[in-house]
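*Asks:* Protein chains in written order, with the numbering used here: chain A, 215 to 602; chain B, 45 to 157.
If you are wondering where the hints come from, they were derived from the structure by calculation, not from laboratory data.
Just so it is clear, CB atoms sit at the ideal spot from N, CA and C, and this is done for glycine as well.
Keep in mind that the hints are not guaranteed to be accurate.
[Claimed, not checked] Pair by pair, the computed Cβ-Cβ distance ranges are:
#1 A:324 to B:88: 51 to 61 Å
#2 B:58 to A:478: 35 to 45 Å
#3 B:75 to A:327: 39 to 49 Å
#4 A:490 to B:104: 54 to 64 Å
#5 B:87 to A:236: 48 to 58 Å
#6 A:422 to B:87: 24 to 34 Å
#7 B:104 to A:367: 53 to 63 Å
#8 B:130 to A:419: 20 to 30 Å
#9 B:73 to A:399: 53 to 63 Å
#10 A:422 to B:130: 24 to 34 Å
#11 A:371 to B:88: 28 to 38 Å
#12 B:131 to A:419: 42 to 52 Å
#13 A:351 to B:135: 38 to 48 Å
#14 A:275 to B:87: 45 to 55 Å
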Amino acid sequence: MDLELTDEQKSVVQTIRRFVQEEIIPLEQALDYDADTLESEDEARLIAKVKQMGFYGLGIPEEFGGPAVDLVTRTLIAMELSQHRAGLYAPCYGVFGGGGAAQLFEASEEQKERFLYPTLRGEKTSFFALTEPSGGSDPARAIQMRARRADDGWILNGTKLYIADADKADFGLVFARTGESKGRDGVTCFIVETDSPGFHVTRVTHTLRNAKYATEVQFDDVRVPAANILGELNAGFAIANDRLMRERIPYSANCIGVAIMAQRLAIAYAKQRETFGAPLSTRQSIQWMIVDNEIDIRSGRWFVLQAAAKADRGERFHAEAALAKLVATEAGGRVVDRSMQIFGGAGVSKDHPFDRWYREMRIRRIGEGPSEVQRLVAARELIGGSFK
Amino acid sequence: VGRQWRLLTEQGVRTVGGYLGVYELREGSGEVIRIGYAGSRSLHGLGGELRERLAHAGPDIWFRFEITSAYLSRHQELLMQYKAVHARLPRDNPERPEQVGRLTVNFGQDARR
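In isolation and in its complexed conformation, chain B is listed as follows (with noise of 0.2 Å):
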C-alpha cells in the first residue's frame, strides 16, 4: 500500500477522501491489525470507512491507505501477501486463512534457498 502511515484520528480520517480503495490500520509497535477494503457500498468510500474503524479503536492506531477501482482483487492480494509472510491473516480481519489464496512472496529468493 502506498502512502505513508498517518496517525488514525478525526483530523487524520477528514484528508481522505471518498474514494474507492484499500486500507490497512496497524498499532504503534507496527503489527497490521487489519486489511479492509472501501467498496461500492461504502458509505462515503475510504474515509467514512476509516471514520467507521475510528469510532472502535483504541488509541495509537495507523493507516495508510491506497485508492484504486480494483478494491476487491486488490484487497484478496494484500491478505494474500499478509498469510505468505505470517502464516495467517491481521487479528482483526473476519476472512478465514483458508479463504485466502497462497503466494509466494519474494519468488527466487526466499523460494531457491
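So that you can see chain A by itself, here it is in the shape it has in the complex (with noise of 0.2 Å):
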C-alpha cells in the first residue's frame, strides 16, 4: 500500500475538514454537550449542503445510488467526519446519512421494493435486534427466540436486549431459531414489521451514551409472512457477511479521528497551561503521555487504512477488520484517557469533549464485537480451526 495520499484523496480530506470546522463546530457549540442531533433547519440545510458536494449516503453501496468511493478513502473521510465532540457516535449528526441495514442490499427485490429504497429516501427507519438477554457475543448460540410455522408463514415469540431504535423504526431485521441445531445453522433472519400485533417495546435501557437509549423488545406471538424472510431459511448469519466487515473499518476509524482530536487539543493545552513557573509542555511526563497518545494514533490509523485497502484490493480482509477494530477502539482509549489527565480538573468537567468521548469509548471497546472476539476472529484467521 502506498503511504502517500493521491491528490484526489488529499483534497476530500481538506474539503470534509473544512465542513467540521465550519459548519459543525460553530453549530455545536450551542447544543447540550451529549446531544445527538441538530436543530431540524441546521439539519436540512447541511444534508443539502453535503449532498451538493456529492457526498451523501457514504455506506450506500455505488449500485444503490451511493457515492463513488472506495473504502480506503471512506475510512480516511471517517477519521475527520469525527473530530468534534458528538463524533464519535453521532459524526456531523449524520448530515452525512447512514447506509441503512447493510443486510437488505442483498434483499429481494420485492424487499428492497418495500424496504430497502423506501429506507434510502428517508421514508422509512430501521433496527437490528440479534442480542438477547442469554448473550450478544455469540449470538448463534444464544439465540432462543424461537420462530415456528405458521398456515402463512412464522410465528416470533422472545425478547431482544439492548435494541436501538426499535421504539421508533417502522420494521427491524430479527433474528430467530428455526432450526434444530444450535449453532449458526438454524437461526433465520426476519423482517419483522413494528405495527403487527404482539410487537412491544418493553423497556427503555439507559447507557454511557446520555442521548442514546436503548430498548427491550418482547415478541408475544408476532406474525410475519413467509415473503420477510431475508436471505435463506436457517442462514441468517450468511447475509451481508463481507458488507458488515467492511462497515466495521471506518467504525473504527471513526475512534482516531476522536484520538487525532483529543491529542491536538492536549497539545495545545500542554503549551498553554503553566505549573511551577513553566509550561506543561515542558514536563517530561507530560510529553511521554503525547508521544504515547502519537504512537496509539499512527498505529491505530495504519491498521484501518491497511484493512481498507485490503478489502479495496478484493483480497480476504477478516484479520485485518478484527485487528483495525480491536487496535482503534483501545487506542482511541488510551488517547482519550491521557490527553484528559494532561487537562487535569478540566479535563473531568464538562466544559471540554473528554468527559463525553470518555463515556462513548469505552462503549467501542464492546460494541461491534468486543475486543476478545476480535482476538477470536483474528486468531482464527493466523492459525486456522473454528474456535467452536
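Given two chains presented individually in distinct reference frames, assemble the corresponding complex, making use of the accompanying hints.
*Replies:* Structure follows, in C-alpha cells:
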C-alpha cells in the first residue's frame, strides 16, 4: 500500500475537514454537550450541502445511489467526520446520511421495494435485533427466540435486549431460531414490521450514552409472512457478512478521528498551561503522554487504512478488519484518557469534550464485537480452526 | 420520578440544587403538564430550570425531580411512558408525539388481556 495519499484523497480530506470546522463545530457550541442531533433547519440545510458536495450516503453502495468512494477514502473521511464533540457516535450529526441496514442490499427485489428503497429515501427507519438476555457476542448459540411455522408464515416469540431505535422504527431485522441446530445453522433473519400485533417495546435501557437509549423488545406471537425472510431459511448469519465487515473499518476509523482531536487539544493545552513556572509541555511526564498518544494514533490509523486497502483490492480482510477494530478502539480509549489527564481538573468538566468521549469510547471496545471476539476472529484467521 | 411532589414556590425551588436531571410539573388536580430536563446548558441545573418555570406558572403547581446524568435518555423515557398511558404528551411539552418512541407499559399484564 502506498503510504502517500493521492491528490484526490488529499482534496477530499481537506474538504471534509473544512466542513467540520466551519459548519459543524460552530453549531455544536450551542447544543447540549451530549446532543446527538442538530436543530431540524440546520440539519436540512447541511444535508442539502453534503448532497451538493457529492458525499451523501457514504455507506450506500454505488449501484444503489451512493457516492463512488473506495473504502480507503471512506476511512480517511471517517477520521475527519468524527473530529468534534459528538463525533464518535454522531459524526457530523448524521448529515452525511446513513447506509441503512447493510443486509437489505442483498434482499429480494420485492423486499427491496418494500423496505430498502423507502429507507434510502428517508421514508422508513429500521432496527437490528440480534442480542438477547442470554448473550450477544456469541449470538449463534445464545439466540433463544423461536420462530415456528404457521399456515401463512411464521410466529415469533421471545425477547431482544439492548436494541437501538426499536421504539421509533418502521421495521426491524430480527434473528430467531428456526431449525433444530443449536448453532449458526438454525437461525433465520426476519423482517418484522413494528405495527405487527404482539410487537412490544417494554423497557428503556440507559447507557453511557446520554442521548441514545437502548430498548428491550418482546415478541408475543408476532406473525411474520414467509415473504419477510431475509436470505435463506436457517442461514440468517450468511447475509452481508462482507458488507458488515467493511462497515466495521470506518466505524473503527471514527475512534482514531476522536483521538486525533483529543491529541490536538492536549498539545495546545500543554503548551499554554503553566505549572511551577513552566508550561506543562516542558515536563517529561506530559511529553511522554503526548508521544504515547501519537504512537496509538499512528498505529491505529495504519491498521484501519491497511484493512480498507486490502478490502479495496478484493482480498480476504477478516483478520485485518478484526485487528483494526481492536487496535483503533483500544488506542482511542487510551488517547482520550491521557489527554484528559493532561487537562487535569478541567478534563473531567463538561466544558471540554473528554467527558463525552471517555464514556462513549468505552462502549466502542464492546459494541460491534468486543475486543476479545476480535482477537478470536484474528486468531482463527492466523491459526485456523473454528474455535467452537 | 422518585422524589415526592413539592409545591412550586420560591421556597420549594430553593431546596433543589444545580444538578443535571429531569423534572415533572403537575397541577393540583394531579394532571402532569410538563416533563422537562436540566441539561449541560441549563443555567444552575434543575434549580435554575424550576425557577424559570416558576416565573411563568400559576398557583397550585407541583414539581418533583430526579438527579441523573442520563437526563436526555431519561427525559425520553418519561415522555414515552406518558404517551403510552395518555396517547398524547403533557400539555406544556413542546415535542410532537411522533417524535417520541412507543412503549408498552405493564407488558405481561395489559398486553395479554
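*Asks:* Hint by hint, which ones does the structure fall short of?
*Replies:* Of the numbered hints, 5, 11 and 12 do not hold.
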